[in-house]
Amino acid sequence: MERNSAACAMQWSIELEKGLRSKKTGRSAEAILQFGPRLQQWSREPEPSSAAHHLFDLIPGEDRLFANAILLRLADTFRLGDDHIRRCVVKVFLSEYRCREKRKGYKGLLSKERVDNQSELLTRVKFVFDNGDGNSRALALVIFGCWADFAKDSAHVRYLVLSSFVSSHALEAKAALFAAGCFCALSDDFPCVVLELLVNLMTSSETSLPIKLAGARVFSKMGYSYLIANRAYK
43 MERNSAACAM QWSIELEKGL RSKKTGRSAE AILQFGPRLQ QWSREPEPSS AAHHLFDLIP
103 GEDRLFANAI LLRLADTFRL GDDHIRRCVV KVFLSEYRCR EKRKGYKGLL SKERVDNQSE
163 LLTRVKFVFD NGDGNSRALA LVIFGCWADF AKDSAHVRYL VLSSFVSSHA LEAKAALFAA
223 GCFCALSDDF PCVVLELLVN LMTSSETSLP IKLAGARVFS KMGYSYLIAN RAYK
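Going by the numbering used here, the first residue of the sequence shown is number 43, and it counts up by one from there.
Hints are computed from structural coordinates only; laboratory data are not their basis. All C-beta atoms in this analysis are idealised placements derived from N, C-alpha and C, irrespective of residue type, glycine included. Take these hints with a grain of salt, some might be off.
Just the calculated beta-carbon pair ranges, DEER-fashion [what the hints assert, rightly or not]:
#1 D172 with L114: 16 to 24 Å
#2 G103 with Q76: 20 to 28 Å
#3 S247 with S64: 50 to 58 Å
#4 R259 with Q53: 34 to 42 Å
#5 D124 with P79: 22 to 30 Å
#6 N159 with A212: 26 to 34 Å
#7 K254 with L107: 40 to 48 Å
Here are the computed lysine to aspartate or glutamate pairs in the DMTMM-like style, where the Cα-Cα straight-line distance is at most 25 Å [claimed, not checked]:
#8 K254 with E238
#9 K254 with D230
#10 K254 with D231
#11 K149 with E162
#12 K133 with E59
#13 K60 with D124
#14 K168 with D158
#15 K60 with D118
#16 K263 with D195
#17 K149 with D195
#18 K263 with E238
#19 K154 with D118
#20 K154 with E104
#21 K149 with D230
#22 K154 with D195
#23 K168 with D125
#24 K168 with D118
#25 K133 with E57
#26 K168 with D230
#27 K66 with D118
#28 K168 with D124
#29 K154 with E87
#30 K168 with D231
#31 K60 with E162
#32 K60 with D125
#33 K133 with D118
#34 K133 with D175
#35 K66 with D124
#36 K60 with E72
#37 K154 with D231
#38 K168 with E59
Produce the complete structure using the sequences and hints provided.
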């Protein structure tokens, strides 16, 4: 039987750590991007069965421990890294998100049921948002969107997303709309909050065309509940 992601978790964690600690130019970025396909594979696979634990000599919960350690390591790297490193981290999560959208009933590695250290992850990304420039805030917002399954439950993150709609930095505003769309697709109440703000944004003469296009994409993520329909009608 081919080794699954759970059986490779320790090796992948070690390889990522070695790459991030390497003094060789470009090796850190390479190690981060190398984990991208692995994250996609891991998210496609269900949590290991008792048979898999026995076959690969795994301790129950071992793969979950390594998965959360890897996610935290990537979040730390995003917090401490330069712009290039941060973009690499975003690319990893964004690639997993795009694969995820093609499948229904997502229960992948970034689902809230499988992420134990949600608060620690969000805190590290919020640090970048609070202390970075417009580009850094945009990257942080994209990560919030990719982590929407658990990030949507944070009142502080919701506030950051909504307040960035009117940012003078175009990339930040577009990233906020992306994150809002991700949240709307998974939340029952968030679309109701977004709808009024989005209508004001779309009808404002001061809103640029690229922002309006990004805003239009959010409407498709709002679902079709009676409450949303009624609000939209009014």
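Hint check:
1. D172 with L114: 16 to 24 Å: holds (19 Å)
2. G103 with Q76: 20 to 28 Å: Holds: the Cβ-Cβ distance is about 25 Å, inside 20 to 28 Å.
3. S247 with S64: 50 to 58 Å: holds (51 Å)
4. R259 with Q53: 34 to 42 Å: Check passed, 39 Å falls within 34 to 42 Å.
5. D124 with P79: 22 to 30 Å: Distance hint for D124, P79 holds at roughly 24 Å.
6. N159 with A212: 26 to 34 Å: holds (33 Å)
7. K254 with L107: 40 to 48 Å: holds (45 Å)
8. K254 with E238: Holds, at about 14 Å.
9. K254 with D230: holds (23 Å)
10. K254 with D231: holds (23 Å)
11. K149 with E162: holds (21 Å)
12. K133 with E59: holds (18 Å)
13. K60 with D124: holds (18 Å)
14. K168 with D158: holds (18 Å)
15. K60 with D118: holds (15 Å)
16. K263 with D195: Distance ~17 Å between K263 and D195 Cα, so the pair holds.
17. K149 with D195: Holds: K149 and D195 sit about 17 Å apart, inside 25 Å.
18. K263 with E238: The hint holds at about 15 Å.
19. K154 with D118: holds (19 Å)
20. K154 with E104: Holds, because 18 Å separates the two Cα atoms, which is no more than 25 Å.
21. K149 with D230: The hint holds at about 18 Å.
22. K154 with D195: holds (10 Å)
23. K168 with D125: holds (16 Å)
24. K168 with D118: holds (11 Å)
25. K133 with E57: holds (19 Å)
26. K168 with D230: holds (24 Å)
27. K66 with D118: Between K66 and D118 the Cα gap is close to 19 Å, so the pair holds against 25 Å.
28. K168 with D124: Holds: K168 and D124 sit about 16 Å apart, inside 25 Å.
29. K154 with E87: Holds, at about 16 Å.
30. K168 with D231: Roughly 22 Å separates the two Cα atoms, so the pair holds.
31. K60 with E162: holds (22 Å)
32. K60 with D125: holds (21 Å)
33. K133 with D118: Judged against 25 Å, a Cα distance of about 15 Å means the pair holds.
34. K133 with D175: holds (19 Å)
35. K66 with D124: Since the Cα atoms of K66 and D124 sit roughly 16 Å apart, the hinted pair holds (cutoff 25 Å).
36. K60 with E72: Answer holds: K60 to E72 is near 11 Å, not above 25 Å.
37. K154 with D231: holds (18 Å)
38. K168 with E59: Answer holds: K168 to E59 is near 23 Å, not above 25 Å.
Of the numbered hints stated above, none is contradicted by the structure.
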